[in-house]
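Student: As you go down the protein sequences, you meet chains A and B in turn.
Using the working numbering, the first residue of the first sequence is number 717, and each one after it goes up by one.
Using the working numbering, the first residue of the second sequence is number 2, and each one after it goes up by one.
These are computed hints drawn from the structure, not numbers from a lab.
Using N, Cα and C, we set each Cβ at its ideal position, and we do this for glycine too.
Be aware that a few hints might be false.
In the DSS-like style, the derived pairs of lysine-lysine whose C-alpha atoms are separated by at most 27 Å in a straight line are [what the hints assert, rightly or not]:
hint, chain 1, residue 1, chain 2, residue 2
1, A, Lys762, A, Lys923
2, B, Lys157, A, Lys762
3, A, Lys952, A, Lys882
4, B, Lys157, A, Lys952
5, A, Lys882, B, Lys157
Quick partial rundown of chain A residues pointing at chain B, CB under 10 Å, derived from the structure [said to hold, decoys possible]:
hint, residue
6, Ala747
7, Pro819
8, Asp820
9, Asn866
10, Thr883
11, Gly885
12, Ile935
13, Ala946
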Amino acid sequence: MRTGNRLEGTVALVTGAGQGIGRATALRLAAEGATVAVNGREPAGKIDEVVEACGGVPAIADVSDPVAVEGMIAAVEGSAGPIGVLVANAAYMSMGPFLEQNPDDWWRQIETNLSGTFYLIRSVLPQMRRLGGGRIVIVSSEWGVTGWPNATAYAASKAGLISLGKTLGRELAPEGIITNVIAPGVTDTPQLEQDARDADVSMNEIKARYAAEIPAGRIGNPEEIAATVAFLAAGKSAALVGQVLQPNGGSTRSWA
Amino acid sequence: MVNSNSEVGVAVVTGAASGIGAEVSDRLSRTGYRVAGLDLRESDTDFPLTADVSDHQAVHEAVDRVTEELGPVSLLVTVAGYYEMIPVQEITLEAWRRMLGVHLGGTYNACAAVLPGMLEAGGGTIVTVSSELALGGGSEDAHYAAAKGAIIGFTKSLAVEVADRRIRVNCVAPGPTDTPLLEPTSPWRDQGFLETLPLRRLVRPNEVAEAVLFLVEEGTFFCGQILSPNAGAVI
């Protein structure tokens, strides 16, 4: 792992940081020297655990609530200082055949994944402008690039994030605020437990099924995605603007 | 005899004598790699070799020498290339063949030379170098963009072909970079052009090297992907 002190003196807000990719990212950015604000929807033991492991601060808000997001981001500045790195990772997914998805479920996914990221960036921008620059890393999904059966709302929300990231890449780069998108492939996170339940198979079986469709022969792990976030958030990577990075083991083609 | 005790591995970098290739070689050396630099002229690397990458036989012989002297090659970065702008109707057959021969042929030759060793060792990493012009195209860039675009197709196919044998193949497609490849009078250095870039400046060689190093060291779930540090030229 290429850690160092690349983020010494930087405050990084990571949303959805209680588990999976968000948790690994919080730990990684902390290892790079950042003060990490650890976001979760509500106070919980797993958030406290990440806060303690990071030596960071809690940042509780449902990202789909713009008022709560505004308050959370002001509170982070108050306790840790202005935010220089935003990792918009929080997401909600519900799978089902297109016509069986109800409008409430559609809107919850759009509101959390797409609008939530809009609320976060809108609230964090004044702080980045005061700092004279910043890095925004949006976590989309491979399914936002390729689409996926039974994941219409999720895939649509994640595709929306790609366009949001490309547009803000163009719009904000002149002032030194660099936006990029990561679209991870299937990753070994607690989300897979839901997939296993939906498919009525064991965790090992669902992982094997996904791995069989990936040229690299395995699914990803959260630390690999976190390393990609760290590269975009901390490295000499500013020449990447509005790009979509796809750590997915080569799974861009339909095998099923 | 060059010291063959390598902590990290043995890297072959084509086009190592200048610009992005020199920057990548330097970064790899500092990371602990033993770097063999292939170029038309001698490079400032651990094991400089002169060869024209478009010469299949010469590239194979060079890689054989690296293997004998430094050990099995675990990393290949194919940077060798050149740039020229020519209106499409003025591209001679010779200019076309040379452009494809160096970029696509050179990439193929180097990959073919190192692959047997990587397959035998049970792993390896390859980073090819394309260009933002392959993604976005450019006026008077037809033969350059065609050659660089072909590298992308080659990279993606090779990547899925060898992924299950622990060889990772990816590509970096830089935008206009501040290297000797861009002449002082190049339109890519024009202030009016730079103002059109979201980043408002040329890409720095160390930023391209950073992308290469990321793919080498930490991009472990990337397979057949294109990273394009291009200052926002193509989004």
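Student: Mind checking the alpha carbons of Lys762 (chain A) and Lys923 (chain A) for me, to see if they're no more than 27 Å apart?
Tutor: 24 Å, holds
Student: Is the straight-line distance between the alpha-carbon of Lys952 (chain A) and that of Lys882 (chain A) 27 Å or less?
Tutor: Holds - the C-alpha atoms of Lys882 (chain A) and Lys952 (chain A) are around 19 Å apart, at most 27 Å.
Student: Does the interface hint hold: is Asp820 (chain A) within less than 10 Å of chain B, judged Cβ to Cβ?
Tutor: Hint on Asp820 (chain A): violated, closest Cβ of chain B at ~34 Å, above 10 Å.
Student: Once the shortest beta carbon distance from Thr883 (chain A) to chain B is found, is it less than 10 Å?
Tutor: 9 Å, holds
Student: Hint check: Lys157 (chain B) vs Lys762 (chain A), CA-CA at most 27 Å. Holds or violated?
Tutor: Measuring from Cα to Cα gives roughly 39 Å; hence the hint is violated.
Student: Holds or violated: Asn866 (chain A) as interface residue toward chain B, Cβ cutoff 10 Å?
Tutor: At about 24 Å, which exceeds the 10 Å cut-off, the nearest Cβ of chain B leaves the hint on Asn866 (chain A) violated.
Student: Mind checking the CB of Ile935 (chain A) against every CB in chain B and telling me if the closest is under 10 Å?
Tutor: Holds: closest Cβ of chain B sits about 9 Å from Ile935 (chain A), inside 10 Å.
Student: May I ask you to test the interface hint for Ala946 (chain A) with respect to chain B, counting a Cβ-Cβ separation under 10 Å as satisfied?
Tutor: Interface hint status for Ala946 (chain A): holds (8 Å vs cutoff 10 Å).
Student: Per the CB criterion, is Ala747 (chain A) less than 10 Å away from chain B?
Tutor: Violated - the Cβ of Ala747 (chain A) stays beyond 10 Å from chain B, reaching only about 13 Å at its closest.
Student: The hint names Pro819 (chain A) as touching chain B; please verify it with the least Cβ-Cβ distance against 10 Å.
Tutor: With a closest approach of 32 Å, the Pro819 (chain A) hint is violated.
Student: With the threshold set at 27 Å, check whether the alpha-carbon distance from Lys157 (chain B) to Lys952 (chain A) stays at or below it.
Tutor: 25 Å, holds
Student: Is Lys882 (chain A) within 27 Å of Lys157 (chain B), Cα to Cα?
Tutor: Within the cut-off at roughly 23 Å; holds.
The earlier numbered hints that this structure contradicts are 2, 6, 7, 8 and 9.
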